[in-house]
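> Protein chains in written order, with this note's numbering: chain A, 1 to 306; chain B, 1 to 298.
Mixed in with the good hints there might be a few duds.
[What the hints assert, rightly or not] List of simulated lysine to any residue pairs, SDA-like, C-alpha gap at most 20 Å:
1) B:K201 with B:S179
2) B:K20 with A:P65
3) B:K246 with A:P65
4) A:K116 with B:I151
5) A:K116 with B:F14
6) B:K246 with B:P261
7) A:K155 with B:V161
8) A:K116 with B:K20
9) A:K155 with B:R15
10) B:K246 with A:I177
11) A:K116 with B:T17
12) A:K116 with B:V155
13) A:K155 with B:W197
14) A:K155 with B:G152
15) A:K155 with B:L159
16) A:K155 with B:G153
17) A:K116 with B:G153
18) A:K155 with B:S28
19) A:K155 with B:K20
20) B:K246 with A:M68
Because the hints were derived from the structure by calculation, they are not lab data.
What you are looking at is a predicted structure, and each value in this text was computed from that prediction instead of being measured.
Listed below, chain by chain, are the residues.
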Amino acid sequence: MAQISLSDTAFEGVRLIGRKPLAVLLWAVVIFVAAAIPVTLFFGTLVPAFLDLMRQSAAGAEPSPETMMKFQLRWMAANGPIMLCSLVARAVLMSAIFRAVLRPQDSRFGYLRLGKAELLTGLVYLCIMIMMFLVIFGGMLVMIGLTVATAFASKGAAVAVALVLGVALIVLLTWVILRLILALPMTFAEGHFRMFEAWQLSRGHALQLFFVALLAFAIVVVMEMVLGGVIGFAVIGAIASHAGAAGGLGEVFHRPPAEWIGQLAPWLVIGGALFALFGAAAATIMYAPLAAAYRLLAPQTEAEAV
Amino acid sequence: MKTFSPTDAALEGFRLTREKPRVLLAWSVANLVISVIMALALIAMFGPMLAELEAVNASSDDPSQALAMFEKLAPLYALVLPAGLIVTSVWIGAVYRAVLRPSDNRFWYLRLGGDELRLAVLMLIYVVLAIGFTFVLTLVAGLLSAGAFAIGGPVGTLLSVIIWLASVCVFVWVIVRLSLSGPATFAERHIRVFESWLLTKDVFWPLLGAYLLMLVLVIVVMALALVIYVTIAALTMGGDLSQIGKVFQPDTTSLTTYFTPAMLIYLVFGAFLGALQNALVFAPAAVAYRELHGPVEE
């Protein structure tokens, strides 16, 4: 049985950043654009309406049900495209990373495409998310039922039951994710929707995959602490000093939205660009090991096709 | 042991609609025609009464008033339930035919004949069996649970809840084991109530996986459809989003108040979505039957 090498697999993302830094830059652009669309939509439509509502409340005038309803509908209408935009960006980015690992020679446009592979990968991602939600929902129902029932007899026992079941739910959730997660690179590589085939492929490898994910996550956390901390503080500090010069953050937000959004825009753009770069690196570190693990575990014929 | 791919079974509805787009279009048109006819019939016969019921529900908490309204609406149920059963049988029959007898494609697989009649009878049998089984299961679980509760202490209470959870699992297990009765009835042209039990021996988990994935895919399609519908409706109605919410609480007093622009968009969109949903929901069982039973006589 093929084995997953921890060092080979977990560091695949770091190696990829070293091999293809320009591609990672392009991926950061994708994240930036994908984030800019919803942010523009959010600030353009929802923030002014929300601030109007807040001002009405502060002035003692209760917003009418019609105003509230209109705001809620706007919120709902904006939410859909925002989520869709984020999903498409994630699918494009994930597929680009898989392509860079599994088909390194196919490097046009920094491995970025928008086609069948991206559609299928996005669909599999969404399905895994919904399955996780169903597992959490079902698990929570069982946990609440058993805890409440035990609480009638003994409060101490109920706490113990809740703790044991909580841990069991987390273990179950992690195990299901690990068994299904290879469906993402598998779908990309084989060009067909794959879900339970990943269950077969990951049989006997859940623990190895867990350590790979843990190591990749640790690398991201270290990167976040070092780079994210420095960049985050610099940007927030710059915004705060700018706001301080303008009479404090509270004063800035009391001005018309168009005015303060305009003033903060350059800083938001710089901060957004830096965080997009950080996001692209983090995504590379997290997703590349999946493709590497798939390459190791896939049957020889499929691996050759890849 | 014969087996099947749960992923392929769950995706069969998508495959069907991708390979036969004209069939999907025809099913959408048929769905739209049925929706419009049902709406016309409802408004013509019961429109003012439905509006009155809505008003009673909104203005009063008195259950006797609502009950009196429901009594008046009894003929509505006498019309809607059999019509719903027939329409559902036609849809299930069409999807099973497309999967199990693909060459029999006259009228885009839509028929109302012996196959559909058998499916309708099977559904009625299953409703009766489900009521009886739920009753027995609840009774047994209730007795066992009461026995466990009598032990007392946290262990007794915990056991009692575990028994109830186990009864839910038994219910799901039985439903999954019997889920191939529909395709078996259709394919073998005889009502098959329990044959599915033998066919699904040893394939419970793949079947459950296929149905779970199908459910997830339906959620994805519905969520995506809602986003598209809200966007189309908002664009068509110049951003007046308040009209969209009213679609779900239509004014049934007359045809003009019911058929608003938002409702027309909703009906057209809903007809397409309904046809797609039928294919997604009913096709997996037919594929599982075909793979587990072997070639089906056309």
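> Run through the hints listed earlier and report the numbers of any the structure violates, in increasing order.
2, 4, 9, 10, 12, 13, 17, 18 and 19
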